[in-house]
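Chains as they are written, first to last, in UniProt numbering: chain P, 1 to 358; chain A, 1 to 358.
Hints were generated in silico from the structure; no laboratory data involved. There could be a bad hint or two in this list.
Chain P residues, not near chain A, derived (Cβ > 10 Å throughout) [stated by the list, open to error]:
| # | residue |
| --- | --- |
| 1 | E18 |
| 2 | N28 |
| 3 | D49 |
| 4 | H115 |
| 5 | Y132 |
| 6 | G137 |
| 7 | I228 |
| 8 | T236 |
| 9 | P263 |
| 10 | K270 |
| 11 | L279 |
| 12 | D307 |
Distance condition first, Cα-Cα at most 27 Å in a straight line; then the derived DSSO-like pairs of lysine-lysine [unchecked claim]:
| # | chain 1 | residue 1 | chain 2 | residue 2 |
| --- | --- | --- | --- | --- |
| 13 | P | K130 | P | K205 |
| 14 | P | K303 | P | K322 |
| 15 | A | K106 | A | K130 |
| 16 | P | K355 | P | K314 |
| 17 | A | K109 | P | K226 |
| 18 | A | K103 | P | K226 |
| 19 | A | K106 | A | K226 |
| 20 | A | K322 | P | K226 |
| 21 | P | K106 | A | K226 |
| 22 | P | K314 | P | K270 |
| 23 | P | K121 | P | K205 |
| 24 | A | K130 | P | K121 |
| 25 | P | K322 | A | K226 |
| 26 | P | K103 | A | K226 |
| 27 | P | K103 | P | K130 |
| 28 | A | K205 | A | K270 |
| 29 | A | K130 | P | K226 |
| 30 | P | K226 | A | K2 |
| 31 | A | K109 | P | K109 |
| 32 | P | K206 | P | K160 |
| 33 | A | K226 | P | K109 |
| 34 | P | K103 | P | K206 |
| 35 | A | K103 | A | K130 |
| 36 | A | K2 | A | K314 |
| 37 | P | K205 | P | K106 |
| 38 | A | K253 | A | K206 |
| 39 | A | K206 | A | K160 |
| 40 | A | K303 | A | K314 |
Cβ coordinates follow ideal geometry from the N, Cα and C atoms, glycine included.
Protein chains: 2
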Amino acid sequence: MKYNFNSGPSILPQTVYEQASQAILDYNNTGLSILEIGHRTPIFEGILDEASQLARELMGLSNDYEILFLHGGATTQFLQIPYNFLGASETAAYLDCGTWGTKAIKEAKAFGTVHLLGTSKDKNYSYIPKGYTIPDGIKYIHITSNNTIEGTQQNSWPEKNGAYLVADMSSDILSRQMDFNNFDLIYAGAQKNIGAAGVTFVAVKKDIISATVPDRHIPSMLDYRKHIDNGSMLNTPPVFAVYVCLLTLRWLKALGGLQAIEPVNNQKAKLLYDTLDTLPVFTPTVALEDRSVMNVVWIMENKTLEDAFLATCKEAGMVGIKGHRSVGGFRASLYNALPLSSVQALTDLMTDFAKKNG
Amino acid sequence: MKYNFNSGPSILPQTVYEQASQAILDYNNTGLSILEIGHRTPIFEGILDEASQLARELMGLSNDYEILFLHGGATTQFLQIPYNFLGASETAAYLDCGTWGTKAIKEAKAFGTVHLLGTSKDKNYSYIPKGYTIPDGIKYIHITSNNTIEGTQQNSWPEKNGAYLVADMSSDILSRQMDFNNFDLIYAGAQKNIGAAGVTFVAVKKDIISATVPDRHIPSMLDYRKHIDNGSMLNTPPVFAVYVCLLTLRWLKALGGLQAIEPVNNQKAKLLYDTLDTLPVFTPTVALEDRSVMNVVWIMENKTLEDAFLATCKEAGMVGIKGHRSVGGFRASLYNALPLSSVQALTDLMTDFAKKNG
Numbered sequence: 001m002k003y004n005f006n007s008g009p010s011i012l013p014q015t016v017y018e019q020a021s022q023a024i025l026d027y028n029n030t031g032l033s034i035l036e037i038g039h040r041t042p043i044f045e046g047i048l049d050e051a052s053q054l055a056r057e058l059m060g061l062s063n064d065y066e067i068l069f070l071h072g073g074a075t076t077q078f079l080q081i082p083y084n085f086l087g088a089s090e091t092a093a094y095l096d097c098g099t100w101g102t103k104a105i106k107e108a109k110a111f112g113t114v115h116l117l118g119t120s121k122d123k124n125y126s127y128i129p130k131g132y133t134i135p136d137g138i139k140y141i142h143i144t145s146n147n148t149i150e151g152t153q154q155n156s157w158p159e160k161n162g163a164y165l166v167a168d169m170s171s172d173i174l175s176r177q178m179d180f181n182n183f184d185l186i187y188a189g190a191q192k193n194i195g196a197a198g199v200t201f202v203a204v205k206k207d208i209i210s211a212t213v214p215d216r217h218i219p220s221m222l223d224y225r226k227h228i229d230n231g232s233m234l235n236t237p238p239v240f241a242v243y244v245c246l247l248t249l250r251w252l253k254a255l256g257g258l259q260a261i262e263p264v265n266n267q268k269a270k271l272l273y274d275t276l277d278t279l280p281v282f283t284p285t286v287a288l289e290d291r292s293v294m295n296v297v298w299i300m301e302n303k304t305l306e307d308a309f310l311a312t313c314k315e316a317g318m319v320g321i322k323g324h325r326s327v328g329g330f331r332a333s334l335y336n337a338l339p340l341s342s343v344q345a346l347t348d349l350m351t352d353f354a355k356k357n358g
Numbered sequence: 001m002k003y004n005f006n007s008g009p010s011i012l013p014q015t016v017y018e019q020a021s022q023a024i025l026d027y028n029n030t031g032l033s034i035l036e037i038g039h040r041t042p043i044f045e046g047i048l049d050e051a052s053q054l055a056r057e058l059m060g061l062s063n064d065y066e067i068l069f070l071h072g073g074a075t076t077q078f079l080q081i082p083y084n085f086l087g088a089s090e091t092a093a094y095l096d097c098g099t100w101g102t103k104a105i106k107e108a109k110a111f112g113t114v115h116l117l118g119t120s121k122d123k124n125y126s127y128i129p130k131g132y133t134i135p136d137g138i139k140y141i142h143i144t145s146n147n148t149i150e151g152t153q154q155n156s157w158p159e160k161n162g163a164y165l166v167a168d169m170s171s172d173i174l175s176r177q178m179d180f181n182n183f184d185l186i187y188a189g190a191q192k193n194i195g196a197a198g199v200t201f202v203a204v205k206k207d208i209i210s211a212t213v214p215d216r217h218i219p220s221m222l223d224y225r226k227h228i229d230n231g232s233m234l235n236t237p238p239v240f241a242v243y244v245c246l247l248t249l250r251w252l253k254a255l256g257g258l259q260a261i262e263p264v265n266n267q268k269a270k271l272l273y274d275t276l277d278t279l280p281v282f283t284p285t286v287a288l289e290d291r292s293v294m295n296v297v298w299i300m301e302n303k304t305l306e307d308a309f310l311a312t313c314k315e316a317g318m319v320g321i322k323g324h325r326s327v328g329g330f331r332a333s334l335y336n337a338l339p340l341s342s343v344q345a346l347t348d349l350m351t352d353f354a355k356k357n358g
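Please take these sequences and the hints and turn them into a complete structure.
Listed below in structure tokens is the structure:
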């Protein structure tokens, strides 16, 4: 028995594994593996359409959005967004809340001006900066809704002041209810709550597309307009990865959608944070109001116990507890597919460990 | 029983399906699905290393090459190559042999000057232009070793005259022996002979990397140097797609490598071309010396028989016989994993159809 707290690629629902495994042997009694099915076929077009429609439905997105499944991961979006929307004489406002935001800013600076709305670098990105205002004349605002590595999550959104709002939701998309229609471009690497690694989800509003930088050559594969015109099939899409997204989206819908998953996610996070707050041997590092429901990070003040704790976790079949190599400490990722029972097993282990090592 | 002549995504070895299917339920008795395994783990690093080493071994590549598994498909390479290697005042020489070469040329023109070595557009790309020479001062030469859509294949390589040699080998890589060390950059969408859709294979020589355009900002995800420095893990790689590559490469090695697969591929192609040449109802469209061993295309002079032939194929469980939407007619793709028996079934069907409809 394994308890998978990986930060991504991460646990998916058991039914997704079973269906994906079967589809590789024989997709839906076609006599063909999902791996050998052409993308320009009614079969794959059906998969892509259904996945798009389910995402739209689960997020409550209006018809003003185009849904894309692209190559390249969220990291490609870091450059694709300014390539399309940040003219050389334009300014975009970025909020710097950690590793991924920092990378997004770095890519954007090559295309236009970046106005830094705020940064929590002063305290190791352990909180979300607040109280900033959006200056006039900003083309778009870029935020990271959840910081996978640092364990912070954003709960309020900037007043836009006429700017477009762009969000990297890689690590908390589909985990909670929100007004997704407030955003002009939402993107997410699939490998947390949407599916497996190898495909990027993008929901983009028609308005921002019409604000594409007019006087810049954009290579075809980086041009949202071309991907939209070709229905995510400008080139061969990552067929299997899209299929895994479809299976995961179906699972979430059958469960009752975001309305049903949000309280479960909150319950899982509460159980873990309560345990961390109770046991002095563990120290959560994130400001109370900014704690992520998806990625829970903590340290141990007594460094000599770190290895013993990791060994205890490993022995119990707990995977992915070590913090990101860039920050150290510990992290447990509690994505949609992780059952409450896994968190219970972890908190039991922690309580037991604290008793023995307190 | 299905006979899969798809042009890509296309048939993979049965053992690959079986192993991939099992790995989704439980990878190598780890208690984890391959879909939930982190990429920065000894498990995935082992997969990536072995796949790289096998590709290097099968192709006989020297240590001057870096092996990369990237996102984005060959279409992303169309822009990534000139982005890295074609300065605004430099010239690259392209051979235009069909749909993909044309697209590669279009992307390159945005970065520098394109010198057209030759084109077979005058005859619907039914042959490979020859007899061209490489002018002085060319930065790199770009060719497409096999034209998936048009069914032509290149068998001789240009004298380089000091230029780097770059090849899109998407549809015939690993299908035949050649001196791969003659090329400075080889790329291929995996979804034909290497694996499933969703990952791109790149072998790049250190020399050409050192000739990266010095005065141009290259976004991180498009910079070969960054991918090399990060061992194909600049961001989350398409884990499962890389694993399928590994399984397919292992299969090819166990079979005896390119030395063993090449004669089988030749035998399959000969059987089909001989049949086409024998039966007047079918007309191969490609110049004799340029016929592809991987993608065999033909038309039927009597258009009224086309639908009947397609229906006969469908009834017999033959998939992917219809020509590409851009050229019409018919095509059978005979990649490494397609058994000779499938080609025999197709030629038997054709002979029978010709008898009834001759």
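Hints, one by one, checked against the model:
At the 10 Å boundary, the C-beta of P/E18 falls inside the reach of chain A, the nearest C-beta of that chain being 7 Å off. Every CB of chain A lies more than 10 Å from the CB of P/N28, the least distance being 13 Å, so the non-interface label holds. At roughly 18 Å from the closest C-beta of chain A, the C-beta of P/D49 stays outside 10 Å, upholding its exclusion from the interface. No beta-carbon of chain A is positioned within 10 Å of the beta-carbon of P/H115; the least distance is around 20 Å.
The Cβ of P/Y132 sits about 27 Å from the closest Cβ of chain A, beyond the 10 Å cut-off, so the non-interface label holds. Every CB of chain A is more than 10 Å from the CB of P/G137 (nearest about 24 Å), matching its label as outside the interface. Its beta-carbon lying about 16 Å from the closest one in chain A, P/I228 satisfies the requirement of being farther than 10 Å from that chain. Distance to chain A contradicts P/T236 as a non-interface residue, since its nearest Cβ pair spans about 5 Å, not more than 10 Å.
For P/P263, the non-interface assignment is confirmed: its Cβ lies about 24 Å from the closest Cβ of chain A, beyond the 10 Å cut-off. Every beta carbon of chain A lies more than 10 Å from that of P/K270, the smallest distance being close to 24 Å; the non-interface claim holds. Look at P/L279: its CB is around 26 Å from the nearest CB on chain A, clear of 10 Å, so calling it non-interface holds up. Chain A leaves P/D307 outside its interface by the beta-carbon criterion, the shortest separation being 18 Å against a cut-off of 10 Å.
Taken as a hint, the P/K130 and P/K205 pair is honoured in the structure, with Cα atoms around 26 Å apart against an allowance of 27 Å. A threshold of 27 Å between alpha carbons decides the hint, and for P/K303 with P/K322 the separation of about 13 Å falls inside it, so the pair holds. For the hint pairing A/K106 with A/K130, the CA-to-CA distance comes to about 22 Å; that is within 27 Å, so the pair holds. Only pairs whose Cα atoms come within 27 Å are accepted, and P/K355 paired with P/K314 is accepted, the gap being roughly 18 Å.
Of the pairs offered as hints, the one joining A/K109 and P/K226 holds, with about 18 Å between alpha carbons and a cut-off of 27 Å not exceeded. Distance check on the hinted pair: A/K103 and P/K226 sit about 14 Å apart at the alpha-carbon level, within 27 Å; holds. A C-alpha spacing of about 25 Å is found between A/K106 and A/K226, which places the hinted pair at or below 27 Å, so the restraint holds. The straight-line distance between the Cα atoms of A/K322 and P/K226 is roughly 26 Å, inside the 27 Å bound, and the hint therefore holds.
Between P/K106 and A/K226, the direct Cα distance comes to roughly 14 Å. Compliance with the 27 Å bound is thereby established for this hinted pair. The suggested pairing of P/K314 with P/K270 holds, with an alpha-carbon distance near 23 Å, which does not exceed 27 Å. Of the supplied pair hints, the one linking P/K121 and P/K205 is violated, its CA atoms being roughly 31 Å apart against a limit of 27 Å. Straight-line distance between C-alpha atoms of A/K130 and P/K121 comes to about 60 Å, which puts the hinted pair past the 27 Å bound.
For the proposed pair P/K322 and A/K226, the alpha carbon gap of about 26 Å is at most 27 Å, so the pair holds. The suggested pairing of P/K103 with A/K226 holds, with an alpha-carbon distance near 13 Å, which does not exceed 27 Å. As the CA atoms of P/K103 and P/K130 are separated by approximately 20 Å, the hinted pair is consistent with the 27 Å bound. Simply put, A/K205 and A/K270 have alpha-carbon atoms about 34 Å apart, too far for the 27 Å limit, and the pair is violated.
Between A/K130 and P/K226 the CA atoms are separated by roughly 34 Å; this puts the pair beyond 27 Å, and the hint is violated. For the proposed pair P/K226 and A/K2, the alpha carbon gap of about 35 Å is over 27 Å, so the pair is violated. With a CA separation close to 25 Å, the supplied pair A/K109 and P/K109 stays within the 27 Å bound. Restraint check: the Cα-Cα separation between P/K206 and P/K160 comes to about 17 Å, which is no more than 27 Å; the hinted pair holds.
Distance restraint check for A/K226 and P/K109: the Cα-Cα separation of roughly 18 Å lies within the 27 Å cut-off, and the hinted pair is therefore satisfied. Among the hinted pairs, P/K103 with P/K206 is consistent with the structure: their alpha-carbon atoms are about 26 Å apart, no more than 27 Å. Proximity of A/K103 to A/K130 is assessed by CA-CA distance (about 20 Å); at most 27 Å being required, the pair is judged to hold. Restraint check for A/K2 and A/K314: satisfied, since their Cα atoms lie roughly 9 Å apart, inside the 27 Å limit.
Taking the CA atoms of P/K205 and P/K106, the gap is about 24 Å. The hint holds against a cut of 27 Å. Restraint check for A/K253 and A/K206: the C-alpha separation of about 26 Å stays at or below 27 Å, so the hint holds. Only pairs whose Cα atoms come within 27 Å are accepted, and A/K206 paired with A/K160 is accepted, the gap being roughly 17 Å. Between A/K303 and A/K314 the alpha-carbon distance is near 18 Å, which keeps this suggested pair within the 27 Å criterion.
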